[in-house]
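Since chain A is already given, all that's left is putting chains B, C and D on it; use the hints.
4 protein chains.
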Amino acid sequence: MIKVGIIGGAGYTAGELIRLIILHPEAELVSVVSRSHAGESISKAHPDLSNWLEMNFDADLQHDPDVVFLCSGHGNTKAVLGTFPMYDSTKIIDLSADFRLKSDANKFVYGLPELNRAYIKTAQCVANPGCFATCIQLSLLPLAMHNLLEDDVHITAITGSTGAGQNHSATTHFSWRSNNASVYKAFRHQHLGEITQSVTQLQAGFTKHLHFIPMRGAFTRGILAASYVRSELSVSDAINLYKEYYYEHPFVDVVDHSLDVKSVVNTNRAMIHLQKEGDQLLMTGVIDNLLKGASGQAVQNMNLMFGLEETSGLKLKPGAF
Amino acid sequence: MIKVGIIGGAGYTAGELIRLIILHPEAELVSVVSRSHAGESISKAHPDLSNWLEMNFDADLQHDPDVVFLCSGHGNTKAVLGTFPMYDSTKIIDLSADFRLKSDANKFVYGLPELNRAYIKTAQCVANPGCFATCIQLSLLPLAMHNLLEDDVHITAITGSTGAGQNHSATTHFSWRSNNASVYKAFRHQHLGEITQSVTQLQAGFTKHLHFIPMRGAFTRGILAASYVRSELSVSDAINLYKEYYYEHPFVDVVDHSLDVKSVVNTNRAMIHLQKEGDQLLMTGVIDNLLKGASGQAVQNMNLMFGLEETSGLKLKPGAF
Amino acid sequence: MIKVGIIGGAGYTAGELIRLIILHPEAELVSVVSRSHAGESISKAHPDLSNWLEMNFDADLQHDPDVVFLCSGHGNTKAVLGTFPMYDSTKIIDLSADFRLKSDANKFVYGLPELNRAYIKTAQCVANPGCFATCIQLSLLPLAMHNLLEDDVHITAITGSTGAGQNHSATTHFSWRSNNASVYKAFRHQHLGEITQSVTQLQAGFTKHLHFIPMRGAFTRGILAASYVRSELSVSDAINLYKEYYYEHPFVDVVDHSLDVKSVVNTNRAMIHLQKEGDQLLMTGVIDNLLKGASGQAVQNMNLMFGLEETSGLKLKPGAF
Amino acid sequence: MIKVGIIGGAGYTAGELIRLIILHPEAELVSVVSRSHAGESISKAHPDLSNWLEMNFDADLQHDPDVVFLCSGHGNTKAVLGTFPMYDSTKIIDLSADFRLKSDANKFVYGLPELNRAYIKTAQCVANPGCFATCIQLSLLPLAMHNLLEDDVHITAITGSTGAGQNHSATTHFSWRSNNASVYKAFRHQHLGEITQSVTQLQAGFTKHLHFIPMRGAFTRGILAASYVRSELSVSDAINLYKEYYYEHPFVDVVDHSLDVKSVVNTNRAMIHLQKEGDQLLMTGVIDNLLKGASGQAVQNMNLMFGLEETSGLKLKPGAF
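Protein chains in written order, with the numbering used here: chain A, 1 to 321; chain B, 1 to 321; chain C, 1 to 321; chain D, 1 to 321.
Think of the hints as simulated: they come from the structure by calculation, not from any bench. Nothing here was measured: the structure is a model prediction, and the numbers come from that model. Built from N, CA and C at the ideal position, the CB exists for glycine as well. It is possible that part of the hints are untrue.
[Unchecked claim] Quick list of in silico lysine-lysine cross-link-like pairs, BS3-like style, CA-CA up to 30 Å: (1) B/Lys3 <-> B/Lys102; (2) C/Lys107 <-> A/Lys208; (3) B/Lys185 <-> A/Lys44; (4) D/Lys78 <-> D/Lys185; (5) A/Lys121 <-> D/Lys315.
[Unchecked claim] With the Cβ distance kept under 10 Å, some of the chain C side facing chain A (calculated, not the full set): (6) Glu26; (7) Val30; (8) Thr156; (9) Arg177; (10) Gln197; (11) Thr200; (12) Lys208; (13) Tyr228; (14) Val261; (15) Glu277; (16) Leu282.
Pulled out of the complex, with its shape left as it was, chain A reads as follows (with noise of 0.2 Å):
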């Protein structure tokens, strides 16, 4: 069984991974870190695990952890790793922005499993990828592959409202965001960084814009976007382009009908569906911001750093509703 500690146990994310674990078949939590809830009842965080996980957060790494999730916060993660002292074996996987960028990243491999798979298996620490930048990255790739980003790309995303984390601000508001809509970071969302990195690692030379529009949705859960770019390809030549892309990815499904983001609420799956309308391509992807859009993904990547099937523990009942 692979040793897991958490480190920032107390947040969404925490939340999820600790859910994911415990139900993990190669998996044993051995140590959750909460500093500002050292002592107390992990199920007192998370009360959907009350009566079912009987263990406290700590107030440092216990019993020797295989890997260590990061759940500090952006911007946190350096002086976290410095705090706890690991064995230098320990494998990290950091659900911060801090070290997804190269010019950032040391001995970090981004960790997204549809474009590094192979550098995952061996790294000994991974960043994992933000939940916008892996719907649209999951929307794109296929195409910087073939180097057949050609033009600008034009996307709009909606997230839940988890994808803001559990600090409370006027757009997490019950009173606010219920029934609602709006759009915020246009064009300056700080995703575009990785996206655009991932997508120049296939298409070397890509020079033209991504732009990019998020939105706050009325749910909690999932991530939408639509994705569109000119394009010369058929829709039947870049569902096939897509298809073999993902073919060897258990995770990603383009699925021939239109998409929403119920489909794959409380799974790690990605859908992506294609259409063409004149010269249009557009692409639409849905996941759980919350899973393959976080602590699903750091699953997956923990899976394939300790070699196990890519799937395990996450083979995850969909809400559906």
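For chains B, C and D alone, kept in the frame of chain A given last:
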């Protein structure tokens, strides 16, 4: 024109008051105090008023209002009254719970027009009822009037999130409250005091219990209260008794169909539906918690205190959806 | 008082019209036709009107209305007009798509007051614009007016469920739509025709593309449209140009803060916010799809056609939450 | 592997069964019958299964299932059983209400494991309980077991929309149900029969009333039931009594904090919380209506009928949000 001042102007009930007063044909808004937002545009706190209400929050009451609405939050009214010098003749409508009970009330009249209209008309100070309290009293008072609350009353009421105000809490976070339901303060909600006081005002010697289970609903505006009591009345006699009680009250209607919250949202109306099964008489009532349950009722009280038509400024298009 | 008739009275847009007309100071409702509900109380279809509007649906128009609103659904207007004999002088406002395009329009004027106010004032027949079309045109027309739509325009707009009417479909089922998001009719929504027609009316020779991705949102009322285009305008010049365009239009406001749908829900207002990033100019617009996007705009048109103040009966308290 | 057949495969409960069975380690899906969808891909009706379950709906049962789940809707079971020839030894789990009452039950055992586990283990046919009925019984049975339901019981329960199935109705339309709440079938919900039957099974001679107010909530999955009764038990004695009752039942937990629906959504768990105010003992229970309230409980019954571990295939990651 009646000159209106509001103290505590950045919150939800103040926002509703502002929306009502700026459309009121016989009132004008002269000063909105918010010490935390003094000098800022009112529309910054209430963005639906952008480019509509060109007025800033004041640090102190300006322009000698004829009436002042207090929206400062429970427990603060006495202190607030001491801080803002007003004319002796200034009328005051307090939306907090501070003066609703006779023992605390001094010269405050309990401002439920369907109970105390005559007193409100001559009052200088009115304590505006609570939202649950309004909905439940409207469901019970016609029985109390005829000494017909002869057994324990069982009440469940579910409220929208705006009832909790704009302060952040775990239970107003969208990620938690969306698609959810929960019970709180079972049997000991603070509104039971004013409900009991009003019931006893009509039915002296009432000693039965009011069992009240409050629930949080996954909606923003409105309250539905389902109240039942053993009764020997036939349903048609009960309906007649309610219709008679509310005959001269323009905002309460006894209807002959099932009710839902959105039938009254964005209006000052209350609807009540009566049913009988076996010996149980069920009264279902719905209101908008921010209007008939707070700011709308406050304006209704203002209308009465100044001798205006009771419905002035309160003929509101229902939201319906 | 203007005598108002409505045909197709049981649907959502008719319900909103009824709510507006019964509160309109210069109009009175004389006949609401619904052949499927003839003889039944109007409040049976619109229960928020219970004990308020004591009137039944008619099988045929009664009392010689001065103006008739047609809410019969797309494709039915011509047939409907043949079935209901009216005076030659009766004014007609059609809420369907049937006469919005000039090629179909006969004597119908396209009823977007912010484009055609002068024509509407003297029109006998008005084709009321579509909801998406209204929101998107208001976002684009000031640029078109100055021939500044110089490149393809990229538009994503998300709509509430009431835009789909009260007919049942898989995508209006609560179990599906709650907490969800989806794309539909990408690049080929039927409103593109009227949008292009209006853009061309102002910017003759416009030949660029309008790329439009419509989305279904998990909310009931409202539309948010995010539209961007490459532009050499500075953001302040753009704002000035928009403010100038809408200077004499009471329902459209250019605001300096981010927008969300609920800022305008239950009002006839549109708000527009402009931003610039790099060479992209982004216009975000919000309206209530049933008001400025349908019935509110229809009343605005009625006001213009009868020489009333444009805002008469349309000073509505925002829903806000 | 247990060979599983499902009849009535296009509805919500069948969808959940399919999702559970395809992940169940000891069962395999061999035939899903839907006469209206025969020949079509199952994923057309349940799109979250696209590219996962490559199987079509059958017109008739195929491959001689060991167990057949009947999801044909209430009132149809007898007719359905006559239409589909099965082996005499085929086990049957009926999700309809048709055989829940002993008077109708023939050889059907009422399938609430927390009441009838021993009988279910040897049953050939099981009548799966109703969703409200499950939640309310779990809240009351420990008291009934000790003859402690000594007075009328007062119950309010609120349900998600999936409880109404996928048929369209006015109250499942998103435009109506979103942001809303309503009461229905007050005091006469059809589940009262099975609840009373089970209470009487444990507390012979129970003659008090169960007053039950069902409510429709603005959420898709889950039920919360608040039940109270006058009781002389202290809260700690009550808690002990409940903990003892559920000690050997893996899916029911007595917890010491307030409950909300989402704590159990997407799991087969029930949580119960007890409080005492004055002489009233309040039991709040939550379940997922489609899992512990329907398809999850059906699989739990299958596990018992085939001698598997009761939790097999039911260790589900909570949805949490």
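- Item | C/Leu282 as chain A interface residue, shortest Cβ-Cβ below 10 Å | Hint on C/Leu282: holds, closest Cβ of chain A at ~5 Å, below 10 Å.
- C/Val30 as an interface hint toward chain A, with CB separation required under 10 Å: This hint is violated: C/Val30 lies away from chain A, its Cβ roughly 34 Å from the closest one there, beyond 10 Å.
- Item | chain A contact restraint on C/Lys208 - CB to CB distance below 10 Å | violated (13 Å)
- For the hint on C/Gln197, just tell me whether its beta-carbon gets within less than 10 Å of chain A. violated (19 Å)
- Item | Restraint satisfaction for C/Thr200 [CB to CB of chain A, less than 10 Å] | At 18 Å from the nearest chain A Cβ, C/Thr200 fails the 10 Å test, so the hint is violated.
- Should the hint that C/Val261 touches chain A count as held when the rule is a Cβ pair under 10 Å? holds (5 Å)
- Item | Proposed proximity, D/Lys185 with D/Lys78 (alpha carbon, max 30 Å) | Holds, at roughly 26 Å.
- Does the interface hint hold: is C/Thr156 within less than 10 Å of chain A, judged Cβ to Cβ? At about 4 Å, which falls below the 10 Å cut-off, the nearest Cβ of chain A leaves the hint on C/Thr156 intact, so it holds.
- Restraint check, 10 Å cut-off on beta carbons, for C/Glu277 near chain A: Where the cut-off is 10 Å and the nearest Cβ of chain A is about 4 Å from C/Glu277, the hint holds.
- Message: Using the nearest Cβ pair, does C/Tyr228 come within less than 10 Å of chain A?
- Response: This interface hint holds because 7 Å falls under the 10 Å limit.
- Query: Taken at face value, is the distance from the CA of B/Lys102 to the CA of B/Lys3 at most 30 Å?
  - Reply: holds (28 Å)
- Using 10 Å as the Cβ threshold, decide whether C/Arg177 counts as touching chain A. holds (9 Å)
In the structure shown, a violation is registered for the earlier hints numbered 2, 6, 7, 10, 11, 12, in ascending order.
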